[in-house]
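Protein sequences appear in the order of chains A and B. Going by the numbering used here, the first sequence opens with residue 1, and the numbers climb by one from there. Going by the numbering used here, the second sequence opens with residue 1, and the numbers climb by one from there.
Read the hints as simulated data drawn from the structure, not as lab findings. Fair warning: there could be bad hints in the mix.
[To be verified] Below are the DSS-like pairs computed for lysine-lysine, each with C-alpha atoms no more than 30 Å apart in a straight line: (1) Lys113/B x Lys513/B; (2) Lys402/B x Lys62/A; (3) Lys438/B x Lys341/B; (4) Lys341/B x Lys287/B; (5) Lys195/B x Lys339/B; (6) Lys62/A x Lys129/B.
[Stated by the list, open to error] Pulled a few chain A residues facing chain B out of the computed Cβ check, cut under 7 Å: (7) Leu60; (8) Asp61; (9) Leu65.
Glycine residues also receive a C-beta, built at the ideal position from the N, C-alpha and C atoms.
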Amino acid sequence: MLEFLLRRLAAAIVMLLVVGTIIFSLLVIVPGDPAELLLSTGGGSATQEAIQNLRNEMGLDKPILAQYFGFLANTAQFDFGTSIVDGSSIADNIALRLPRTLEIIAVGAILALLLAIPAGTLAGLRGGGRFDVIASAVNALLTSIPGFVVGTLFIYFFAQVLGVLPAGGYVAFAADPAQHLQMLILPATTVALHLATIIFRMTRASVLEMRGHDWVRTATAKGLRRSLVVRHHILRNALGPVITVAGLQLGILLGSTVLIEFVYNWPGLSGMLVTAVEQRDYPTVRAIILTVAAIFIGINLMIDILYSLLDPRVRLQ
Amino acid sequence: MTHSFQASMMATRRGVLLSLGVGITAMALPCGAWAQSTNAILKFGLSTFPPTVKPFDNTGGAANTVKLMIYRGLMGYDASGKLLPELAESFEWLEPTVAVFKLRAKATFHNGKPVTAADVVFSLNEITKEGSSAFLKSDLTIITAAEAVDEKTVQITLSSPSAIFLDLMASYCCPVISAESTEDNAIGAGPFVMKSSEKGVFIELERFDKYYADDQPHVGGIRFIAYADENLRFAALEAGDVDLIEYLPWTQFDAVEASDTMQMRSTLGPYMFLLFNVTDGPFADAKVRQAVGYAIERQDVVDAAFAGRGVPLYGFPNPQGSPFDLTDPAHEWTFDAEKAKALLAEAGYPNGFDCRLLATATYGMHQDTASVVQAYLAMIGINATLDLPDWGTRVTAGKEGKYDLAVHGSSGTYNDPDSLWSLLYSGNPSYLQSFGFKSARIDGLLEQGRTEVDPEKRKAIYQDLATAYFEEVPQVPLNWRVQAYAMKKTVTGFEALPGFLNGASAYALDDTKLG
């Protein structure tokens, strides 16, 4: 077991090294000079001398290889360094922003599960029925509207027309809990709607499939209550694939909440990544991508370990 | 009073939704926070989070706005754009190259210490020192000596007379900071002090009680909140989340004008233009560039890219508020497709040619401008392929000349034709200028205009420059942009400064009141 763990851990580290190297190389290739960009924000321009001085200050005058090995050495010590734009600590910024992205994903996921699993089950149990037809149509509609469009419509309706919710932004929960929750409603709902469409479809299909199995017929035939059959014989079996898909989607959301964060001005990790890319803030981009990659790899590692505990054959391979 | 009524209504409606939708009923909702005293906090929606607020660097409009609230220089502007002494109380020219500034007795830094002549000398040295990335580093090389005559008197000697020296002293990139400042903590003497900030989210300033003007500012603080999306910025104003926003999107001007609760202040600020790669190909010929000048119906650019909120610009971009009237209909490119075709034929391209038109997808106005330009060029046979990378790539492409034709928008920093220096002086090339363009004539006129102090002679120089601009075509002007700030009707005293000073409108926040 220990050997297996060490092997997987080593593989994870190699993967992170590969990710780090790829992202480092990509950033070298992508055109754009952080010093020139910073001094030309808004369409102005600085002298070439000023730009060169800023490049030196940012450490961009060092040879690429020296920058690369410096990056590897620092990352190995969990030192992400500072932003080349404003000198702030990257680790601190990530620590501040990652929980916010996780917050809208988590709240969105809970809302989505609460909404989609009962609805999907109901639609699946009465496949072809009136509820199924309507729910599936609404679902198809929601699937085809991108999150940022939903977001823009929500803002227009709830903030500009009705004036019942703020148009966007963020206030820390500790600073003002009520306002924090007000600002959380729209982004979390937007995430939830997207996720709910996927979970609904999966639940419905899965329930439809389970419904036709022999053991369900047997359970019904021996006179079990309908609700018991649904809960114990259909749902319990149907939810396996649903949870897998929901889990996968959560991982994907980590990197794709960017538009929702942008539309609602929610200062999470994705927004930070986009700004960093726009500014060509190389160390910040690398740190965020490595963090997200590490979370992904960490989840995979945990799944591997779980599998190996459940199935000894995995350990032998 | 109307305001607090609205606020409490809003709080109630929000409460209803909260209790219905989320089931949180016992939550104490924020209300009654609309103190109408001078302690109220002005909430200002910025277009972007300032990348840095280093006092001497130019890192964009949002940064300059925040900087002006924290730092002030020797000179400043009032809301009409008039140049006035700021931390200086008065100035005089001892000789055409020697200026003496008397500092205000009450001018105080945020650390409580008085603003002294030594601090002024320190600040100027910080700008011009070796290795500085200051915006005015090269402009201020005309300073040959800056001395503290006494505690409150500074004498600055220039290498040559300068018509714009006082404007430079009023720049948001030329504040006076304390000699006790460190690399990470520049101590200013502006009306507000930095209270707290979170990168990418907000900057909160609080009133500095020892600001030299006793009766200013009129608010207790300013909370700058960054809204990168222009429509969200407007939505935040409409929903009442902020009091004032910069860069009101052009498509929302009508909504603000029709509104009972919002108002706007606008001036003609920056302008849009086309740049050329003149190193080879058709655009190396000034006739072809002139043809482009005649080929575009500018009102269509204004209508398509700026929702009609702009003014066509047919010739030399002399800013609104400039001391000189340089209007010269003989040297303007009014729309004339036939003339454009004739010029192309004369240059040897009767059937037109293909080229690459660079703009950026980051800014809708650049992209829309490029689309209109593309359509008009097609009419005279120039087939332009759009290249729309992100802003960072576009800047590099501009600098390296990876284009044939490029759309850009920019502004000077003061209302004088000299302010076009960074856009036209080919001795200091940048992505703001046509790639490879060199003109000793234009450079010479710019140099003369800067060192000449007699207004009549300067006017003649700039008239010549306008002619040279038309004949040599370093750029093709398209239109002035109306640049607007929008605010609640309860915000009073704020004005947009005219012309190129639009970006320095933060000076007017000194007089801004809430409620």
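Legend entry - Violations among the numbered hints, reported as their numbers in ascending order: 5, 7, 8, 9
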